[in-house]
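Student: Sequences listed follow chains V and A, in order. Following the working numbering from start to finish, the first sequence increments by one per residue and tops out at 344. Following the working numbering from start to finish, the second sequence increments by one per residue and tops out at 480.
Note that these hints are calculated values from the structure, not bench results. Treat the hints with care, as some may be off.
[Said to hold, decoys possible] With a straight-line Cα cutoff of 25 Å, these simulated BS3-like cross-link-like pairs (lysine-lysine) come out:
#1 A:348 to A:455
#2 V:304 to V:76
#3 A:367 to A:348
#4 A:468 to A:348
#5 V:303 to A:348
#6 V:303 to A:349
#7 V:304 to A:348
#8 V:316 to V:304
#9 A:455 to A:468
Computed from a predicted structure; not experimentally measured.
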Amino acid sequence: MTFALIDSLRKGNRLALSRILSQVENRTDVGVEALEQLFLETGTAQKIGITGPPGSGKSTLVNAIARELRQREPEKKVAIIAIDPSSPFTGGALLGDRVRMLDLQVDKQIFIRSMASRGALGGLAEQTEALSQVFDAAGYGFILIETVGAGQSEVDVVNLAHTTIVVDTPGMGDDIQSIKAGILEIADILVVNKADRPGADQSVSHLRNMVGMGYAKRSHAGKHSLKDFSGKAAEESSSEDWIPPVLKTVASEFKGITDLTDSILAHAAYLRESGRWNEKDKAAVLASIRHQLIVSFLQDFNKKVPMEMIDSLVSKAQQRKISPSEAVRKLLAYNQSDNLKSSE
Amino acid sequence: MTDKKIRVLIAKPGLDGHDRGAKVVARALRDDGMEVIYTGLRQTPEMIAEAALQEDVDVVGLSILSGAHNALVPQVIADLRANGQTNVEVFLGGIIPEDDIQNLLDQGVFKIYGPGTDTREVCKDIREAVKSKEQA
């Protein structure tokens with residue numbers, strides 16, 4: 001079944017692509033096997049993250065960018081992964097980003113997939129990166145990833161995207177907000193959307209000030225990667241740093257989209273010329289391995305450690321007879337002894 | 345740890361602009377633990393089938409208050425099948441005259457709900473439909 005599905009995906013069958021996306025999202029055996037094969041064919045797509053607070057117009061902006069990218073580079077297909085939150089109580093989700101993307105529905109070279117966060121924090125779902133890899137292998141040249149409406153620290157998208165766009169709207173806070181750490185720091189491109197509203201120019205100047213402060217003080221080294229892989233190389237080329245542009249858009253009227261798309265394409269060119277494309281790719285692969293490691297460990301752990309043991313440790317901790325960290329020590333010891341037994 | 349969630353597309357084909365019913369149902373399904381993709385107003389059957397394909401849904405729920413159900417619903421089903429989505433069940437809600445119901449069921453609609461339906465009934469029907477498809 002897996003082989004037949006992958007074969008159809010390679011031939012451009014979109015139903016096969018859609019089914020593989022589900023299998024991968026649900027981490028089924030078929031999904032895991034498919035991704036192991038497909039990953040080897042990834043590495044060409046430009047992944048573009050779009051993040052910002054709820055209601056800032058991310059979906060509408062994604063719609064406009066996708067349309068513009070298709071016009072600029074008609075030979076490239078565009079994938080959109082739009083993430084909305086799952087309810088922490090029922091696990092259900094209402095995924096409504098497509099409502100803003102209706103005019104893309106007629107273009108068969110655009111594929112939109114909605115994703116529920118399923119309890120993950122950080123602005124993405126557990127399997128968002130995996131889905132982007134499937135799209136990459138399926139030959140989609142641009143992958144737009146729209147995060148859950150983000151606050152100040154949902155910054156996971158930066159580990160996954162080549163280009164991160166942070167969307168803000170006029171009047172979202174004073175200039176202190178813009179020098180706090182977190183979401184504004186991760187931007188390769190800053191967008192003030194709904195710029196026809198009052199206060200847009202003020203927001204732009206706050207953001208420009210923030211960008212200016214950052215680049216006067218330090219070089220670019222390692223800013224965008226999990227770890228600083230080649231701080232030295234970055235310092236040497238600091239005269240050619242990418243300085244995040246601050247752009248105004250009115251996405252619902254397609255205003256400012258040409259400039260924004262110019263910046264997206266310019267950023268990709270910059271990454272390739274400066275060698276940072278490789279650095280980002282390395283960081284993304286590292287994040288992916290780390291992520292898989294945690295998920296596999298938890299899966300293994302849940303399989304081996306009996307629920308009753310967890311329950312009894314929880315009640316002991318609740319009665320303040322042991323501490324949570326002692327409970328963890330016991331669970332880990334049990335898991336390890338079980339591993340020893342099974343390998344004998 | 346396979347975490348299979350039921351995925352449902354809720355769509356409004358045709359030209360009427362009343363989407364309160366669709367939203368109430370979408371909300372109820374969400375509260376029942378399903379992942380609901382809401383596509384909004386004024387969709388053509390082709391757009392609905394395309395969204396269902398991209399989202400790999402188990403179920404499509406249509407809401408029609410305009411009276412155009414006899415034309416729109418069979419077209420949605422035909423487009424879904426033409427795309428290869430033979431397993432997807434189609435539910436219909438709205439103002440559907442008695443006389444039209446049997447015909448629509450014959451054309452492949454799984455179930456039809458009128459005004460005042462208890463949303464718990466819809467959730468239950470969807471769960472059962474998806475379960476029986478999986479066993480088949």
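Student: Need the list of violated hint numbers for this structure, in ascending order.
Tutor: Failing hint: just 2.
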